[in-house]
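2 protein chains.
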Amino acid sequence: MELQRFHEYFKENREKHIQELFEFLSIPSISSLSEHKQDVERAAQWLKQQLEQLNIENVSIDETEGHPVVYGEWLHAEGKPTVLIYGHYDVQPVDPLNLWESEPFKPEIRQNKLYARGSSDDKGQVFMQLKAIEALFAILGTLPVNVKFLYEGEEEIGSAHLPAYIERNKEKLAADFVLISDTSMYAPGKPAICYGLRGLAGVQIDVRGANSDLHSGLYGGGVQNAVHALVEILASFRDINGKILVEGFYDDVRPLSEEERKAFAELQFDEESLKKELGVNELFGEEGYSFLERTWARPTLEINGIFGGFSGEGIKTVLPNEAGAKITCRLVPDQDPDKIIALLRKHVEKHTPKGVTVSVTEFDNGAPYLTPFDHPLIQTASRSYEKVYQVPTAFTRGGGSIPIVATFDQILNVPVVLMGFGLSTENFHAPNEHFHLENFDKGLRVLCDYLCEVAKLKL
Amino acid sequence: MELQRFHEYFKENREKHIQELFEFLSIPSISSLSEHKQDVERAAQWLKQQLEQLNIENVSIDETEGHPVVYGEWLHAEGKPTVLIYGHYDVQPVDPLNLWESEPFKPEIRQNKLYARGSSDDKGQVFMQLKAIEALFAILGTLPVNVKFLYEGEEEIGSAHLPAYIERNKEKLAADFVLISDTSMYAPGKPAICYGLRGLAGVQIDVRGANSDLHSGLYGGGVQNAVHALVEILASFRDINGKILVEGFYDDVRPLSEEERKAFAELQFDEESLKKELGVNELFGEEGYSFLERTWARPTLEINGIFGGFSGEGIKTVLPNEAGAKITCRLVPDQDPDKIIALLRKHVEKHTPKGVTVSVTEFDNGAPYLTPFDHPLIQTASRSYEKVYQVPTAFTRGGGSIPIVATFDQILNVPVVLMGFGLSTENFHAPNEHFHLENFDKGLRVLCDYLCEVAKLKL
Numbered sequence: 011m012e013l014q015r016f017h018e019y020f021k022e023n024r025e026k027h028i029q030e031l032f033e034f035l036s037i038p039s040i041s042s043l044s045e046h047k048q049d050v051e052r053a054a055q056w057l058k059q060q061l062e063q064l065n066i067e068n069v070s071i072d073e074t075e076g077h078p079v080v081y082g083e084w085l086h087a088e089g090k091p092t093v094l095i096y097g098h099y100d101v102q103p104v105d106p107l108n109l110w111e112s113e114p115f116k117p118e119i120r121q122n123k124l125y126a127r128g129s130s131d132d133k134g135q136v137f138m139q140l141k142a143i144e145a146l147f148a149i150l151g152t153l154p155v156n157v158k159f160l161y162e163g164e165e166e167i168g169s170a171h172l173p174a175y176i177e178r179n180k181e182k183l184a185a186d187f188v189l190i191s192d193t194s195m196y197a198p199g200k201p202a203i204c205y206g207l208r209g210l211a212g213v214q215i216d217v218r219g220a221n222s223d224l225h226s227g228l229y230g231g232g233v234q235n236a237v238h239a240l241v242e243i244l245a246s247f248r249d250i251n252g253k254i255l256v257e258g259f260y261d262d263v264r265p266l267s268e269e270e271r272k273a274f275a276e277l278q279f280d281e282e283s284l285k286k287e288l289g290v291n292e293l294f295g296e297e298g299y300s301f302l303e304r305t306w307a308r309p310t311l312e313i314n315g316i317f318g319g320f321s322g323e324g325i326k327t328v329l330p331n332e333a334g335a336k337i338t339c340r341l342v343p344d345q346d347p348d349k350i351i352a353l354l355r356k357h358v359e360k361h362t363p364k365g366v367t368v369s370v371t372e373f374d375n376g377a378p379y380l381t382p383f384d385h386p387l388i389q390t391a392s393r394s395y396e397k398v399y400q401v402p403t404a405f406t407r408g409g410g411s412i413p414i415v416a417t418f419d420q421i422l423n424v425p426v427v428l429m430g431f432g433l434s435t436e437n438f439h440a441p442n443e444h445f446h447l448e449n450f451d452k453g454l455r456v457l458c459d460y461l462c463e464v465a466k467l468k469l
Numbered sequence: 011m012e013l014q015r016f017h018e019y020f021k022e023n024r025e026k027h028i029q030e031l032f033e034f035l036s037i038p039s040i041s042s043l044s045e046h047k048q049d050v051e052r053a054a055q056w057l058k059q060q061l062e063q064l065n066i067e068n069v070s071i072d073e074t075e076g077h078p079v080v081y082g083e084w085l086h087a088e089g090k091p092t093v094l095i096y097g098h099y100d101v102q103p104v105d106p107l108n109l110w111e112s113e114p115f116k117p118e119i120r121q122n123k124l125y126a127r128g129s130s131d132d133k134g135q136v137f138m139q140l141k142a143i144e145a146l147f148a149i150l151g152t153l154p155v156n157v158k159f160l161y162e163g164e165e166e167i168g169s170a171h172l173p174a175y176i177e178r179n180k181e182k183l184a185a186d187f188v189l190i191s192d193t194s195m196y197a198p199g200k201p202a203i204c205y206g207l208r209g210l211a212g213v214q215i216d217v218r219g220a221n222s223d224l225h226s227g228l229y230g231g232g233v234q235n236a237v238h239a240l241v242e243i244l245a246s247f248r249d250i251n252g253k254i255l256v257e258g259f260y261d262d263v264r265p266l267s268e269e270e271r272k273a274f275a276e277l278q279f280d281e282e283s284l285k286k287e288l289g290v291n292e293l294f295g296e297e298g299y300s301f302l303e304r305t306w307a308r309p310t311l312e313i314n315g316i317f318g319g320f321s322g323e324g325i326k327t328v329l330p331n332e333a334g335a336k337i338t339c340r341l342v343p344d345q346d347p348d349k350i351i352a353l354l355r356k357h358v359e360k361h362t363p364k365g366v367t368v369s370v371t372e373f374d375n376g377a378p379y380l381t382p383f384d385h386p387l388i389q390t391a392s393r394s395y396e397k398v399y400q401v402p403t404a405f406t407r408g409g410g411s412i413p414i415v416a417t418f419d420q421i422l423n424v425p426v427v428l429m430g431f432g433l434s435t436e437n438f439h440a441p442n443e444h445f446h447l448e449n450f451d452k453g454l455r456v457l458c459d460y461l462c463e464v465a466k467l468k469l
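Heads up: the protein sequence lines correspond to chains A and B, in order. Sequential numbering of the first sequence, starting at 11, is according to this note's numbering. Sequential numbering of the second sequence, starting at 11, is according to this note's numbering.
Only chain A is shown next, with the shape it has when bound in the complex:
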């Protein structure tokens, strides 16, 4: 059986692979800091060499207005599906450095966990994709599917230039589906296929009253207070259970299917443990939904920040003339961010109190994403995980947004399969990021199996 042969290949080559991964992880490719621009380029060069060593063709480093994109392809599996493999080679900053137990760019293995910035997010997983291809070539002498690679260097700073790149290279990037390894498993030992993500619509609400802050003694009770006005607007957005009261907000929400609710329920999510972990007496949210349903499949409206008046120590008896709040909505299929923002504007207009003017400024937004739960690419992925992990795969949806997923969906118009091997506890974006090597070892086999199985599908 092929899976066994892959297993042996990875076992034989493990030392060499880990050394190569160390090399990749030692490059401090922090995309947000201009002093690391050269390092980001070095990481791109490193990937280019790797692809070339794999006999991937037309490998190029494509400049964008920001950090470059690394592209490559191998298209000799005639009649077979084409997969576009995506990942990112940039990493988050590392401060506060003093909280790291080993240096972020000097990889170190402790208790079968690999510690380094990018080990889990996402260099470790990008590297697995490459080594899966290497193993397929080594064992099969060829690849079971056609592959295209797209590695970006700006994921950690919002993928600012990738949508334009994809748009420009739509035909070159054409594929039957996109494969991304940048998400987490459900729990240790429990793999997950994330088949849906929430979208995002964000606005800032700015309230303005008088032309300056006023003395609350001289004017208090006679002139509108901008913070009060803001508070009234914000309180009008939700009922006490978090149900959103913006007219039309839920109109386009695709209801959860019975199958999905059942799959979520089977995960037996432990709400009691979560309460303890978060230190809250009770969870909270829309009535009639479980925690997973609320966070995976229901839209939200959250105040991310609020400001106005005096916030220093002690007291200042000011009647503030300005106040503001930042709000983001997490959206679910088939809500449209632009439409939601229009509804928010209308709501604010309707609820603006006397004596102030209010402006609503839109932030970047992103569409929600869903590959149908029963899609063969999803079901096949689930089976590949199960063969290696020997437990049922969790079918999950993500409460967060990965804007690039929706971008692939919108521009290339193909399904996106999220096969991730991280764990949510691995401190990505924080000190002591690490990656469980158990999932590195198993994940390599899962990826090999998946590409072999996908070759059998008629897409």
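Since the hints were made in silico from the structure, they are not lab data. Small disclaimer: the values here were computed from a predicted structure and weren't measured. Warning: the hint list may mix true and false statements.
Intra- or inter-copy, both count: the list cannot distinguish identical chains.
[Said to hold, decoys possible] Think about it this way: if two alpha-carbon atoms lie no more than 27 Å apart in a straight line, the pair counts; the simulated DSSO-like pairs of lysine-lysine are:
#, residue 1, residue 2
1, Lys360, Lys253
2, Lys253, Lys326
3, Lys272, Lys286
4, Lys47, Lys116
5, Lys253, Lys364
6, Lys285, Lys360
7, Lys364, Lys286
8, Lys285, Lys364
9, Lys200, Lys90
10, Lys47, Lys356
11, Lys272, Lys285
12, Lys468, Lys349
13, Lys326, Lys356
14, Lys182, Lys360
15, Lys90, Lys466
16, Lys116, Lys360
17, Lys47, Lys326
18, Lys47, Lys468
19, Lys326, Lys349
20, Lys326, Lys286
21, Lys364, Lys58
22, Lys26, Lys58
23, Lys253, Lys26
24, Lys468, Lys58
25, Lys326, Lys285
26, Lys286, Lys360
Keeping the supplied structure of chain A fixed, place chain B upon it in accordance with the hints.
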């Protein structure tokens, strides 16, 4: 007629008086800055000398835990009322210095206005009290009433040590009333007797949800958001017209008398001009009350500041676990600050949303103050103004709080008469503070007349 003789005295001595006042104003007695501690003491010494030159007796500089108090007395008007004259010799800081057109501690007269820090608040007015005494001695050879002087050096930093001083010296300070010149006239040419002040009760409300900020994608919709919870509490405090919904809040409010409402209405306060000045489309407040009634005689609840979550530029999709707001209520007779704070606590408890804990922290508070409108000391003061200014005196109440007024009321248990000669446009607490010398000249006569008339009252 005596008023004419005072007039002549002040005319003859004007040059000398202005020179003396310049001397007083050149001492940078900024109480809030420790590097000016010596200057604050110099100002106290200067006052001591002035009092001694006036043959005031038992003059002393009394140390407190902060800046000293200057005391003096003259008690030879047997059978006549005793007035405790209060003022402060400390001043506000002067920054931003570059906005001053002349140096703050180099007094300068331009267009009959005296520019210097403290010229209006309060050294100029303290000086007038001293020169009124000087003139009374000069013209009458004696004083018509008994006087005690109490000048403090910490008014601009909240009079932290004065209440304890008054408490310790209750008997020494015993008087029939307190006379303060530290308020503003109603308008240029229009004097005012401020016979009431609002009190203050302040709290900070802190809301806490989970034990850290959460990712709004992973937890949004399933865990309470501290800012939302805070906003719901705050919105519950007032109706859309600013009427306070805290149970029992208005129970002890003394209603405005018909006479007071009539006196306020006669001032023909120009709400249209105020709207233009403040840049608002409409004023705002409790229905059934005019702007003056709302700000002078009705209690308020104002959010002075609010904070929580992310307030930087752009967007951060955080679900904040902490949020807070500072609130102060302006109180009117006969509301009790402690009782109001208890009501606020009860209200917050009742309106605390699910999934958060809330704490309420009390700030310093102050009682409201009112000398009855028809009190002879008030009516006499009104007539003294009218004799000099030749227009009816405005009977006003202050929307703000002068905590020391309530302190005098509470500890000494006597009426306080606020006869001020400043104008609200004189930039006290701001660059280019100035004092209209027209009111300096007229005010000196008003004070002399008042002390003579008070001598005729049976208190």
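Hint-by-hint comparison with the structure:
no. : hint            : verdict
1   : Lys360 / Lys253 : both (18 Å within a copy, 21 Å between copies)
2   : Lys253 / Lys326 : between (35 Å within a copy, 22 Å between copies)
3   : Lys272 / Lys286 : within (25 Å within a copy, 62 Å between copies)
4   : Lys47 / Lys116  : within (19 Å within a copy, 56 Å between copies)
5   : Lys253 / Lys364 : both (26 Å within a copy, 14 Å between copies)
6   : Lys285 / Lys360 : between (37 Å within a copy, 23 Å between copies)
7   : Lys364 / Lys286 : between (43 Å within a copy, 16 Å between copies)
8   : Lys285 / Lys364 : between (40 Å within a copy, 13 Å between copies)
9   : Lys200 / Lys90  : neither (30 Å within a copy, 94 Å between copies)
10  : Lys47 / Lys356  : neither (43 Å within a copy, 57 Å between copies)
11  : Lys272 / Lys285 : within (23 Å within a copy, 60 Å between copies)
12  : Lys468 / Lys349 : neither (36 Å within a copy, 76 Å between copies)
13  : Lys326 / Lys356 : between (34 Å within a copy, 23 Å between copies)
14  : Lys182 / Lys360 : neither (48 Å within a copy, 62 Å between copies)
15  : Lys90 / Lys466  : within (8 Å within a copy, 112 Å between copies)
16  : Lys116 / Lys360 : neither (56 Å within a copy, 54 Å between copies)
17  : Lys47 / Lys326  : between (46 Å within a copy, 24 Å between copies)
18  : Lys47 / Lys468  : neither (43 Å within a copy, 87 Å between copies)
19  : Lys326 / Lys349 : between (41 Å within a copy, 21 Å between copies)
20  : Lys326 / Lys286 : between (37 Å within a copy, 25 Å between copies)
21  : Lys364 / Lys58  : neither (61 Å within a copy, 53 Å between copies)
22  : Lys26 / Lys58   : within (19 Å within a copy, 89 Å between copies)
23  : Lys253 / Lys26  : neither (54 Å within a copy, 74 Å between copies)
24  : Lys468 / Lys58  : neither (31 Å within a copy, 101 Å between copies)
25  : Lys326 / Lys285 : between (37 Å within a copy, 24 Å between copies)
26  : Lys286 / Lys360 : between (40 Å within a copy, 25 Å between copies)
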